[in-house]
Amino acid sequence: MSTSIDNYLDLANPGVRALQPYLPGKPVAELEREYGISNAIKLASNENPYGPGPLALAAASAAIEGLGRYPDGNGYQLAARLARRHRLDQACITLGNGSNDVLDIIARVFLTPEHEAVFSQHAFAVYPIAVQAVGATACVATAHDGSRGPAHGHDLAAMLERVGPATRLVFIANPNNPTGTWLGSTELESFISALPVHVMVVVDEAYFEYVEEDSYPDTSTWLARFPNLIVTRTFSKAYGLAGLRIGYALSHPAVAGLLNRVRQPFNVNSVAQAAALAALDDDDHLQQCIRRNREGMAQLVTGFETMGLSYIESVGNFVCVDTGRSGAKVYESLLRKGVIVRPVANYGMSAHLRVTIGRADENARFLQVLEQVLRD
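Taking this note's numbering, the leading residue of the sequence shown gets 83, the next gets one more, and so forth.
None of these hints come from the bench; they were simulated from the model. Misleading hints may appear alongside valid ones.
Claimed, not checked - Lysine to aspartate or glutamate pairs mimicking DMTMM-like chemistry, simulated, CA-CA at most 20 Å apart:
#1 K108 <-> E444
#2 K411 <-> D458
#3 K419 <-> E444
#4 K411 <-> E112
#5 K419 <-> E395
#6 K411 <-> D443
#7 K419 <-> D366
Note that the structure is a prediction, hence the values are computed from the model and not measured.
With the sequences and hints as input, model every part of the structure.
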């Protein structure tokens, strides 16, 4: 019997063989180590620069004493609190190690190599990864070009045209990452109503709390009318718990039952559960973060306009700016000056950079450095 193999790729799932892993934003410590610099700032991963609130911090600190025990595998208290918040039965809740975990679970439950998933051009990079990993086929709909809808935004008519007999999932990020574009209640509701009964639709609302548009929908209130709807949320963004990795899905109880069959035991740790539970009660901190994000967005777009740069209007905690040249080269120049943003060439936007809204001083430093880089 052979004890070695020349190419382990031959043993892998065909979908995994060609998979390109998700590349997270560069950490500050890594940048400072590589370039020999200090006092770098990171505006790359759509994190809340103000972090968790005092209630979440206190709850997390208290929960550390119990680290010798496994967490509640069902997340009973948090699931019950989320059910009350959304006025749903607790059986509608699926907890995840971040909403990315839930998205992966959804793909594993509903997709096989015989099935297809539909999503938009410029959509969140996790969707094609989750689809390809299970061997399913990705059907990518062209985004709006600006003539019939917001440039780079989801074209729901084009997405509906891609739905066929083999389609099992549709992914919609609202608002979308990395573009920050969003869909209103009327158009999104009409789209979901037009889907065949065999198609599950996932509305990814990771940035829900930041959106302040009147016509932006809370699709968690639509679940009674659309049993094929799954809504995902996260505590990583506005609630400032990115480092604890916790998110959740809301769906019909029968759908949640399937998701929870696949969900790994103890996938949400005890500290994350405690912090998330407390964060839901700290509305003062949440509203303060939302206000500061609004102010930071205005600071950045004013700076872009002063420099004559175009940008994609965003309702999240980030904005994509068109550098007018190679975004990768501008990104590299910014790194050397201690500023980390996110290049988005992998989304088909080679001249753009995605910039997370930071603190006022971080935003000011980014704008100053960007102006220097573009002038050099």
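Cross-check of the supplied hints:
no.	hint	verdict
1	K108 <-> E444	holds (16 Å)
2	K411 <-> D458	holds (12 Å)
3	K419 <-> E444	holds (13 Å)
4	K411 <-> E112	holds (19 Å)
5	K419 <-> E395	violated (26 Å)
6	K411 <-> D443	violated (24 Å)
7	K419 <-> D366	violated (35 Å)
Comparing the model with each earlier hint shows violations of hints 5, 6 and 7; every other hint is respected.
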